[in-house]
Amino acid sequence: MKEVTKPSCAAAVVGLGAVTAFGWSVEALRTGLRSGRRAVSTARQLDVAGHRTELASEVDDAGAEASGLSDLGGIARADRFAVASSREAWQQAFGPNGSDDAPAAHRIGVFFGGSTAGMAESEIFFARVLDPERGPSRLRRLESQQLNGPGDAVARDLGAAGPVESLSSACASGALALGAALDALRTGEIDVAVAGGSDALCQLTYSGFNALRAIDPEPSRPFRADREGLNLGEGAGCLVLVRPDHPMLEERRPLAWLSGYGASCDAHHMTAPHPEGRGAEQAMRMALEDAAATPADVGFANAHGTGTPHNDSAEATALGRVVGGAAVPVTSNKGAFGHLLGSAGAVEAVATVLALVDGAVQPTCADQSEAGPDPALEVDLVLDEVRSLPEEGSVGLSSSFAFGGANGCLALRGEPRR
Amino acid sequence: MNGDASGSDIVVTGLGVVSCHGCDLDEQRAAVHSGIPRLSEVDRAAEYHRAHGARRAALVDPSCYRSILPPIKARRMSPPSRFAVVASDLALADARWKGELIGGGASSDETAVVFGTSFGPSSYTERILRQIILESPQAASPMLFTESVANAPAAQVALRHGCRGPNLTVTQREASAALAVIEGVGLLRSGRARRALVGGVEELNPLLHSILDRFGALVGSRGASRRQARPFDVEEAARPQDARRDGFNAAEGAAVLLLERAEDAARRGAPMRARIGVCARAFDPAAPSTSWAAQPHPAVVERLRQAVPEADRDGIDRFVAGANGSVPGDAYEVSLADAVGVSAPGLAPKAALGEQGMAGLVGALFALEGIETARAPDYRPLSASPAVQASTATDPPARSALVSACASGGAIGWMSFDAP
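Quick mapping for you: the protein sequence lines, in order, are chains W and B.
Under numbering that gives the first Met the number 0, the first residue of the first sequence is numbered 0, with each subsequent residue one higher.
Under numbering that gives the first Met the number 0, the first residue of the second sequence is numbered 0, with each subsequent residue one higher.
Since the hints were derived computationally from the structure, they do not count as laboratory data.
It is possible that some hints are incorrect.
Chain W residues, not near chain B, derived (Cβ > 12 Å throughout) [claimed, not checked]:
1) G35
2) L45
3) D60
4) E64
5) S69
6) G97
7) D151
8) D225
9) R242
10) H267
11) G324
12) D373
13) L376
14) V385
15) E390
Under the rule of at most 20 Å between Cα atoms (straight-line distance), these lysine to any residue pairs were calculated in the SDA-like manner [unchecked claim]:
16) B:K97 to B:A261
17) B:K97 to B:G268
18) B:K72 to B:M142
19) B:K97 to B:P270
20) B:K72 to B:V184
21) B:K97 to B:M271
22) B:K72 to B:H51
23) B:K72 to W:H267
24) B:K97 to B:D263
25) B:K72 to W:H268
26) B:K72 to W:T270
27) B:K72 to W:M269
Non-contacting residues of chain B with respect to chain W, defined by C-beta distances greater than 12 Å in every case (computed) [claimed, not checked]:
28) D23
29) A29
30) S33
31) S39
32) I67
33) I71
34) D88
35) E125
36) I210
37) D232
38) R266
39) P297
40) E309
Even for Gly, the Cβ is constructed at its ideal location relative to N, Cα and C.
Only chain B is shown next, with the shape it has when bound in the complex (with noise of 0.2 Å):
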């Protein structure tokens, strides 16, 4: 154990991104300022989709990271286990860390590993199937296998860094990066880890895609929502937080940050992307299984209003919203902000990075930057919450940005970034 750090400061000293943007972090801070996402065809081949559904997603090109991983390392990982290892490399560099943490050092046990993901490797998954399914059930392979279970992004990070301290994977669905973060705080401020490596991992597959739209969820998912004109021109691209949004854009990609002390921070002289403030989990158990709950449970609003005390929320100047432009979840999220009293322009990064979780965590370091997210033109607020009223180029950087994550099923994390 690393002795209690309840006292002690949190903070983001690296940060790595992969998404359909690329990897590099410029090209993600343009992409979440403009608000327009990169979509690409979701391969139909396997013939899984319906005729008149969603055609597009947000896809990670893996050219971007060839020369972080090169095809000789990542041939042994499943998709979300490439995305993980790149986005930590990237993260680990972002925070100058030159320290040893692969070999026998101490410093490895004190390294612990947090990721969330919704669905874990799913492309394995749907392999190792088809070949039980097709072939027979002892043609499964065990390569693919053992890459199939959702904690391979977390084993793949520590064996590549040599981290030796906590491994969790945290499975809430949207809610699930965020979580996985608020996990990792709670590990550094326990003392049971001195760092540590926490984010978000998806994969989209065709397969799931496809299930995806048969939800309805999806952009596109209705075909007579394809017809109307979408943001910035770009085909099937999602509203969150819009009056006329029908639906969100599937996505991929991974996100980590590197969380320390600031004590350490310091003495090794890092650069600090945000200090960690309130952090807050809540779960609206009158939320369906696969969707939420028409307005929140009053236990929820009740146990949200504790958790973020109003000192806290008056200090919140920016709204990072996990809408992805589904109809029911951006309606419970903006309801639910205003419910608590949380009063704050709002950013929408997964209009340009799609639904996975780790945007908002994206979303709020850039919002502490003085990034903001452009709404599309004919941008119609849902409401007249301000949280979905968006921030403009003339108001100051953000000092304290919450994200908020509403899960599918009820999940509910929310955590605030703050200047360092």
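One chain only, chain W, in its complex shape (with noise of 0.2 Å):
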């Protein structure tokens, strides 16, 4: 068995949470990138019609219930997903019933990235703004209209007193949200950190996406020759992360370690990636560094990989020139659960220590019928079924790329599997 010491500077991760269209856990969610099928379908929640695509990764919400969460009441969708997530990683961590590991209310620290937060019922607020004849426009559906309303419900439920941090920088927030509480916990500022993202299907995101010509109106294909663009979805992911010295890790082994990250800015363009993926090559070589890792310690890449021709092309090139053309397999979750937004990062975090801890990459899809991997990029492309991770302890680089130009990397060390 390959030794692992335990690396300096990194955060165990003790406990995920998600929701997805996979379901109300991290089970379903695991699954469901194991079966290789997608969890996308015709649109229910949104006015579809006229648009380019009907389809979307969709939460059921029936799943709330069978989840426990009746007690949250008429919550925004994107708090309550985001509520379920860090409670199921809370009790991973520390038990139902809480354990003498549980650290002070001040030592922990909540930090959670998103987009969209209550934007859903905002719309149906500001629609009866604009003709009264559709209804009364409530107050209490703005109640979690701002970014920071998934992040304040998960620190409210957890009765957190540290540092609650949003971030909102589009699609890479979740993953930067990672990043804020790693850098917390390494600084000693908190003990316990809850970080991930939350995001909710909207109008707004669904029609603007819609604009720019970037959603697929078949099931996005990341990397394949025939991608057209990504489809739109929602949930939330959390990890749980502690210190490398908390009391629990004497009795228990971590999942995996939130080894480092890095975060960049292209300064390129509001919309379209750097074309030769500078700032995404900074965002990993980063990551990598502050990780004390090499390229040659990467076993497998988690992409941004949103399917859309420019971001796969300039992810490509940069995987290229930092581990090394099609060196390492590469995954998408995004063709299983489509492009999660501001909690993507977040959710593509928790696939990826499970991809670590089954010691297993999950396929991008399982439709055999569909065209190959471009042959113009140079990706080992995981298709079809998982795919064995050959190096126990090795890193798994989890990618997230924003409007903006703002880039996060993440990079999660398996520990040795038993």
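Join these two chains into a complex; the hints should help.
This is the structure in structure tokens:
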């Protein structure tokens, strides 16, 4: 067994939570991703008639009851996803009734990313402002309109009194929130971080991405020769992180380590990535350096992989320069559950940890009838079925790139498998 | 990475402000010193507003920055992006920055941008929603969409100056700007950046103003309050920290600081406005989602007492309040200051600048210059706390000004600016 020394300055991942179109749990996410199924279907919540696509990856709200969330009342959907995922992660970390290892409230920090928060509820409010015949415009719909809604809901639910920070850098929000959590743990500002992201579908983003012609009318096909764009989705992902000297680690092994992260900005264009992936490359290299890792340590990449022609090309170029051509397997979860916008980086980080735990990279998609990987891209794309990870303790690189050129890349390292 | 700079002093070398008082720093100083806001009538043509609610706000006159950002450049940006770009230009000029931030130089990779905002680009969001709701979902404008995201201002500043380091946008309501600066300080101390443009930006459009009014949060939201005498005879002027306060003045604008390592600033002969002192972040889990807790939660007090040790608290000689005239918010803030043990006379820069998170940053830097904030002649402090007692012209210039930002919903950011 390869000896993996406990990395310095890394944070131990001790709890995971997720809400996606696959279901209201990490296990549902794991099962769905490993099967290669797509959780993308005709949108039910939104008026999609006339758009280029009618597809979305929607969370089934009926699952909330089954997840024991009836105590949350009428909070915004993005808040509900966030709290559900954080509760799941917290319970895995500290047990259903808390434990002696649970920290004091003022030593808990919450870092959440998102880009929509309660926009869907706000849209209903505004529609009624414009047309009162639709019904009363109740202010209560706006209580979680602002982007701090999901993170604050998590902090209130946990009783956290440490730093609470919501980051909104579009599609990089979740990754950057995890990075901010890592830094807060490293400085000793907190002992435990609850970090993640949450976003819910809304008309504004659905219409906006369609207006940009970034949407694929068919299920998205990241890195494929015939890719045309992305599918939109919603959900939340959460990780509980502790410092490497936390007492609980004397008794149990972490799921994985958040060893490093990198953040950069393309400073190139408001929507298009740098064509050579310059900013993406910078973020990836910074993540590896921060993790005291080398490109040879990278076992796989969980790509941003939106399925848009420009992103996938630029990202493939960047990956090639960092880890060398098709040297590592690459997957894109967006082929399975769509682009979760501000929560994408967090949910994909959960998926990356699952891959490290299982010792196997989930496939991008298992539909055999589609075009294969784009031959113009030097990418070893994981398709159809899971791919075993040869090296224990290897690094999974999870990347997120955003409007405005903001980039975030996480380096997660696995624990030796028993 | 730029090497561990945890032992380095972080300094403020540049300040740029866009507010209802224009773009000139002397105008901002005079305004903060006077404590008098410049309020304008909010456009009611869209018929969002109630008949008898608040009517005025601290709005930016775009003509104040036309020479810095001409219309041909501004047209591709949302209003908050314009404010942020102008404020960043002013901050770099104030810092006498002559280096190459634009282009492929190494320095651009080392420059971060971290902004805080409560609402993001609200007018562009409103316009695109009107397209979707009143025309059709397919009518959404792609240009409006890309500029409606909260991180658009930070992205535009990065584009303008070629800043390729970390680019973050913090969204924690009234605490956004302070938390953004604290996050920026962290990036420098960790070595993730060598310098950072940090600050806060807000846009106020008629829809947002009408919503705040419906929440009863503004001066004038309760019609009767408009008939009361206002400070300095300015119609609807707010009364921060006053026992008779009845709401805040909504506002828009931006403030940007340039943060650098002290040794870097010294090497290039840059002026130093302040050194960053303590930074503290906390959250009150007892706060309702849209307001403040009745009393600070003991865990919050414990956290801030640990984050700002007694020796540091004793050194603080100005408390730069986030108070804006909110009845529960101002009360909460002073209770928290008392509970933690901060005992310094207070400034309330939001009296002049209105509610925007960056006001505290500006007020603190001016306090280090010896600028005091006048109170209304009939000011009646809401309590006996030192934090609501005004400093006077006979007090020496501040040596350490603590900026307090307590957001509705619970987020808190405290940081001190110390004399350089």
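Going through the hints against the structure:
Its beta-carbon lying about 32 Å from the closest one in chain B, G35 (chain W) satisfies the requirement of being farther than 12 Å from that chain. Its beta-carbon lying about 8 Å from the closest one in chain B, L45 (chain W) breaks the requirement of being farther than 12 Å from that chain. At roughly 20 Å, the least C-beta separation between D60 (chain W) and chain B is larger than 12 Å, which holds for a residue marked as non-interface. Non-interface call for E64 (chain W) relative to chain B: holds, since the shortest CB-CB distance, roughly 22 Å, exceeds 12 Å.
With a cut of 12 Å on Cβ distances, S69 (chain W) stays outside the contact zone with chain B, its closest approach being about 18 Å. Interface exclusion of G97 (chain W) from chain B stands, the closest Cβ pair being 15 Å apart, more than 12 Å. Listed as a non-interface residue, D151 (chain W) fails to keep its Cβ farther than 12 Å from every Cβ of chain B; the least gap is roughly 5 Å. The Cβ of D225 (chain W) lies farther than 12 Å from every Cβ of chain B, with a closest approach of about 23 Å, so its non-interface assignment holds.
Taking the minimum C-beta to C-beta distance to chain B, about 15 Å, the non-interface status of R242 (chain W) holds against the 12 Å cut. At roughly 8 Å from the closest C-beta of chain B, the C-beta of H267 (chain W) falls inside 12 Å, breaking its exclusion from the interface. Here G324 (chain W) stays apart from chain B, with its beta-carbon at least about 25 Å from theirs, past the 12 Å limit. Separation of D373 (chain W) from chain B is adequate, the least Cβ-Cβ distance of about 25 Å exceeding the 12 Å criterion.
A cut-off of 12 Å between C-beta atoms confirms that L376 (chain W) is not in contact with chain B; the least separation is 24 Å. For V385 (chain W), the non-interface assignment is confirmed: its Cβ lies about 34 Å from the closest Cβ of chain B, beyond the 12 Å cut-off. Listed as outside the interface, E390 (chain W) is consistent with that label: its C-beta sits roughly 25 Å from the nearest C-beta of chain B, beyond the 12 Å cut-off. Distance check on the hinted pair: K97 (chain B) and A261 (chain B) sit about 17 Å apart at the alpha-carbon level, within 20 Å; holds.
Distance hint between K97 (chain B) and G268 (chain B) is fulfilled; the C-alpha atoms sit about 11 Å from each other, no more than 20 Å. Restraint check for K72 (chain B) and M142 (chain B): the C-alpha separation of about 14 Å stays at or below 20 Å, so the hint holds. Of the supplied pair hints, the one linking K97 (chain B) and P270 (chain B) holds, its CA atoms being roughly 13 Å apart against a limit of 20 Å. At most 20 Å may separate the alpha-carbon atoms for a hinted pair to count; K72 (chain B) and V184 (chain B) exceed this at roughly 31 Å.
Between K97 (chain B) and M271 (chain B), the direct Cα distance comes to roughly 15 Å. Compliance with the 20 Å bound is thereby established for this hinted pair. Of the supplied pair hints, the one linking K72 (chain B) and H51 (chain B) is violated, its CA atoms being roughly 39 Å apart against a limit of 20 Å. With a C-alpha separation of about 16 Å, the suggested pair K72 (chain B) and H267 (chain W) falls inside the 20 Å cut-off, and the hint holds. At roughly 13 Å between alpha-carbon atoms, K97 (chain B) and D263 (chain B) fall within 20 Å of each other, so this suggested pair holds.
Our distance criterion of 20 Å between C-alpha atoms is met by K72 (chain B) and H268 (chain W), whose separation comes to about 14 Å. With a C-alpha separation of about 17 Å, the suggested pairing of K72 (chain B) with T270 (chain W) holds against the 20 Å cut-off. Restraint check for K72 (chain B) and M269 (chain W): the C-alpha separation of about 14 Å stays at or below 20 Å, so the hint holds. No beta-carbon of chain W comes within 12 Å of the beta-carbon of D23 (chain B); the shortest separation is about 28 Å.
Listed as a non-interface residue, A29 (chain B) keeps its Cβ farther than 12 Å from every Cβ of chain W; the least gap is roughly 33 Å. S33 (chain B), annotated as away from the interface, keeps every beta carbon of chain W farther than 12 Å; the closest lies near 31 Å. Under the 12 Å C-beta cut-off, the non-interface status given to S39 (chain B) relative to chain W holds; the minimum distance is some 23 Å. Every CB of chain W lies more than 12 Å from the CB of I67 (chain B), the least distance being 20 Å, so the non-interface label holds.
Against chain W, the non-interface label of I71 (chain B) holds: every CB pair exceeds 12 Å, the least being about 17 Å. With a minimum CB-CB distance of about 16 Å to chain W, D88 (chain B) clears the 12 Å threshold, and the non-interface call stands. With a least beta-carbon separation of about 8 Å from chain W, E125 (chain B) fails to lie farther than 12 Å from that chain, contradicting its non-interface assignment. With a least beta-carbon separation of about 7 Å from chain W, I210 (chain B) fails to lie farther than 12 Å from that chain, contradicting its non-interface assignment.
With a least beta-carbon separation of about 32 Å from chain W, D232 (chain B) lies farther than 12 Å from that chain, consistent with its non-interface assignment. Residue-level check passed: R266 (chain B) sits 24 Å from the nearest beta carbon of chain W, beyond 12 Å. Not every CB of chain W lies more than 12 Å from the CB of P297 (chain B), the least distance being 9 Å, so the non-interface label is violated. At roughly 17 Å from the closest C-beta of chain W, the C-beta of E309 (chain B) stays outside 12 Å, upholding its exclusion from the interface.
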